[in-house]
Amino acid sequence: ARLALGPLAAAALYLGHRLVVLEYYGRTQRFVEALPLARGQVALVKAGLGLAALSLWAAAALVAGLSRAAAQESQAAIDRGFVGLLALRLGLFVFALWGAVFALGFFGRLRWLLGAGVVLLVLLVDRFAGFELAKLGPLALIDHSRFPLERDHLPTRAAWEALALGAGGVLVGW
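In this note's numbering, the protein residues as written are -18 to 155.
Everything labelled a hint here was simulated from the structure, so no lab data went into it. Here the structure is a predicted model, which is why all the values come from computation and not from measurement. All the pointers check out, no bait thrown in.
FRET-style restraints, in silico, Cβ to Cβ: (1) G89 x Q53: 39 to 49 Å; (2) T137 x R11: 42 to 52 Å; (3) G46 x D133: 17 to 27 Å.
Backbone N, C-alpha and C fix where the C-beta goes; we use that ideal spot for every residue, glycine too.
Produce the complete structure using the sequences and hints provided.
Printed below as a string of structure tokens:
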């Protein structure tokens, strides 16, 4: 869970900057527009490439964590269902994270201001409206108190919220 909130989020920001911002606001944009592809296809390829790279990084961290846990716990404690559930929860979080970063990348110089505004708004709602930030879809999926412990339950509401956030971000970017 700590990896998802720290290094994975930083990697998503860096990847979004490299794939979206530098491409659309750099000199290579003219080359990309000259390709015999529709503009939406280029955006979808960038979305897929970024999601694949971020998913690979998350999967590598998950495998490293599982191998470390396997050395300390019995094999019966780490079954296929549990590993699949962990992978699904982390994958949905990665999709939501990448969707948000991908969409922000298309706002150019305003992306930092817009991102900070969204974070500030969510924090204010969390503090003053009684809304619990930890129960928000993507964050509920990787909640550090439940992520490594729930062995047979997928929080479906959180999963749908993460899926909607990721799809919405990709749609805005597209």
